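Sequence order for the protein chains is Y and B.
Sequence positions in the first sequence follow my numbering and run 1 to 163.
Sequence positions in the second sequence follow my numbering and run 164 to 582.
Just so you know, not all the hints are guaranteed correct.
Derived DMTMM-like pairs (lysine to aspartate or glutamate); straight-line CA-CA distance at most 25 Å [stated by the list, open to error]:
no.	chain 1	residue 1	chain 2	residue 2
1	Y	K24	B	D513
2	Y	K133	B	D513
3	B	K309	B	D235
Pulled a few chain Y residues facing chain B out of the computed Cβ check, cut under 10 Å [unchecked claim]:
no.	residue
4	E69
5	E71
6	Q91
Treat the hints as calculated values from the structure; they're not laboratory data.
Keep in mind the model is a prediction, meaning the values are calculated, not measured.
Backbone N, C-alpha and C define an ideal beta-carbon position, used for all residues, glycine too.
The lines below spell out each chain.
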Amino acid sequence: MTTAIMALSNVRDLYQQVILEHYKKPRHKGKTNPVHRQQRGHNPSCGDTIELTLKLNDAGDTIEDVKFEGEGCAIAMASADLMADVLRGKQVTEALSMVQRFQNMMKGEDEFPKELRKLNVMQGVSQFPVRIKCANLTWHTLKAALESTHDLANTGFVSNEDT
Amino acid sequence: MTLTREKTLADRIRSDFPILHQKVNGKPLVYLDNAATSQKPLLVLNTLRDYYEQYNSNVHRGVHTLSAKATDAYEAARDKVAAFINAASRQEIVFTRNASEAINLVAYSWGSSLQTGDEIILSVMEHHSNLIPWQLLAQRTGAVLKFVELTAEQEFDLEHFKSLISDKTKLVATVHVSNTLGCISPVKEIAAIAHEHGAKVLIDACQSVPHMPIDVQQIDCDWLVASGHKMCAPTGIGFLYGKLDILRSMSPFLGGGEMIADVFLDHATYADLPHKFEAGTPAIAEAIALGAAVDYLSAIGMDNIYAYEAELTAYLWEQLGQISEIQTYGPQPKVAGLGRAALAAFTAGDVHPHDLSTILDQAGVAIRAGHHCTQPLHRHLGIQSTARASLSFYNTRQEIDVFIAALKEAIEFFGSIFS
Chain Y
1 MTTAIMALSN VRDLYQQVIL EHYKKPRHKG KTNPVHRQQR GHNPSCGDTI ELTLKLNDAG
61 DTIEDVKFEG EGCAIAMASA DLMADVLRGK QVTEALSMVQ RFQNMMKGED EFPKELRKLN
121 VMQGVSQFPV RIKCANLTWH TLKAALESTH DLANTGFVSN EDT
Chain B
164 MTLTREKTLA DRIRSDFPIL HQKVNGKPLV YLDNAATSQK PLLVLNTLRD YYEQYNSNVH
224 RGVHTLSAKA TDAYEAARDK VAAFINAASR QEIVFTRNAS EAINLVAYSW GSSLQTGDEI
284 ILSVMEHHSN LIPWQLLAQR TGAVLKFVEL TAEQEFDLEH FKSLISDKTK LVATVHVSNT
344 LGCISPVKEI AAIAHEHGAK VLIDACQSVP HMPIDVQQID CDWLVASGHK MCAPTGIGFL
404 YGKLDILRSM SPFLGGGEMI ADVFLDHATY ADLPHKFEAG TPAIAEAIAL GAAVDYLSAI
464 GMDNIYAYEA ELTAYLWEQL GQISEIQTYG PQPKVAGLGR AALAAFTAGD VHPHDLSTIL
524 DQAGVAIRAG HHCTQPLHRH LGIQSTARAS LSFYNTRQEI DVFIAALKEA IEFFGSIFS
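Required output: the full structure, derived from the provided sequences and hints.
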């Protein structure tokens, strides 16, 4: 492709191949069966929406499956698919600390260790401050899903822009 | 095609806009987000500076020299706005913070007389600022909202409007030029039909006042609102035009200083128009600068601006039409780019508008991505968001070329991943 017009290296840092693949061919779209947690999230200023469903183990302390539905940009959708990828088998407490780590990574202050390094592909987003909320949306929604006390019933949206 | 006015307009006046002459991400800025806000010419910037350096003072209060000078300049700005839209009287121009505040003023003041079952007609393409105030009013009064839909060309459907209006209709509030579709609504016909049924008419002219000649007496609307920042003036200033007798009949909106005649501990009488609706110290510098913006636009001539922007419109749509992945929304321009606003909302195949905007930003091109504060319209069109390039008279055909080239690169960048 021609390179006369834009600073493509920046664009490539942001839209890495892995991100575009998760955007175009998501592996975790849909709803879990059964649904133990359900949470919708949105970014009101841009209109991106996401709906997460979670399947937990019998004790309710470990994530067995995560699926998502929604509409949004490549960053938001790829972030959701990557997150679903790594959450299987994770304890709820562990997942909550991953939320914190991801949000810190978006500030350029942290990254994931070797076993979770596939999430580090999102690090480029930290260089595009206006897009951080796109990447955070799914994690913000996960936090709300995990912290809700009822099983389903979460019909409202959690906004990614209130904090 | 030839852009005959390009040498005589955009090229002539671009040097008036310092902000345009910079690089963004290493590339010359191409500012195509004018429907969100316009840039400001030196005349406006200097007016702000002169005010604060030479005669900053409160208006309508002091007898000292600076206060008199500030008051004169503030009231002169009102005269300029009145003349700009051909209001019959300077008292018909109320300065507000923006168009949203102007609409809220009408919704709270005039709207409080509505009763259960009264009907308000809007269109499905309203900006949220001409929707939410009426939703709130409907909740307070029991009034009912009705919505005019779009024609096949995605314009205001006058026939549908005629089928909605009845003697129950108390208000028709509609956008003049859609910030998303770019269609120009037949406001004169709308007003005539509304008045036949005894309904009032409010026109949201945010996207028309900066781009074409506006004559409120010819439209015969009861109210018209616009925001200064979209017409080369600063943020924080807008105006409400209202017919004199109607404004007179309305109760004050906000209470405070400036809007009073006589104040007692238990009651007050109010100032005459327009000050009855301007409680508190107004945005003095911004209002004076709005007057300067009106001077600036008038010196160029709104006819010239509309004609030049029509030429850019024709070129923009012609170029977009050559990219197979692009789907545009709103009516096609008519001959010579006429008949619609100089903007294009579009989607670009697999490339989400936010991603597109980020990539274009790397080419120095500023466009808007999202729902443009017309979420119900996007829902109506069955899309979540669009990208939007919106032009002004200081844009050039060369800038459209840069935008189109970057757009093609972005589509190629996303498309090439899986080809």
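The hints, checked one at a time:
A distance of roughly 9 Å separates the Cα atoms of K24 (chain Y) and D513 (chain B); the hinted pair therefore holds under the 25 Å criterion. For the suggested pair K133 (chain Y) and D513 (chain B), the alpha carbons sit about 21 Å apart, so the restraint of at most 25 Å is met. For the hint pairing K309 (chain B) with D235 (chain B), the CA-to-CA distance comes to about 43 Å; that exceeds 25 Å, so the pair is violated. With its C-beta approaching chain B no nearer than about 13 Å, E69 (chain Y) sits outside the 10 Å limit, and its interface hint is violated.
Given the 10 Å rule on beta carbons, the hint for E71 (chain Y) holds: about 5 Å separates it from the nearest Cβ of chain B. This hint is violated: Q91 (chain Y) has a C-beta 33 Å from the nearest C-beta of chain B, more than the 10 Å allowed.
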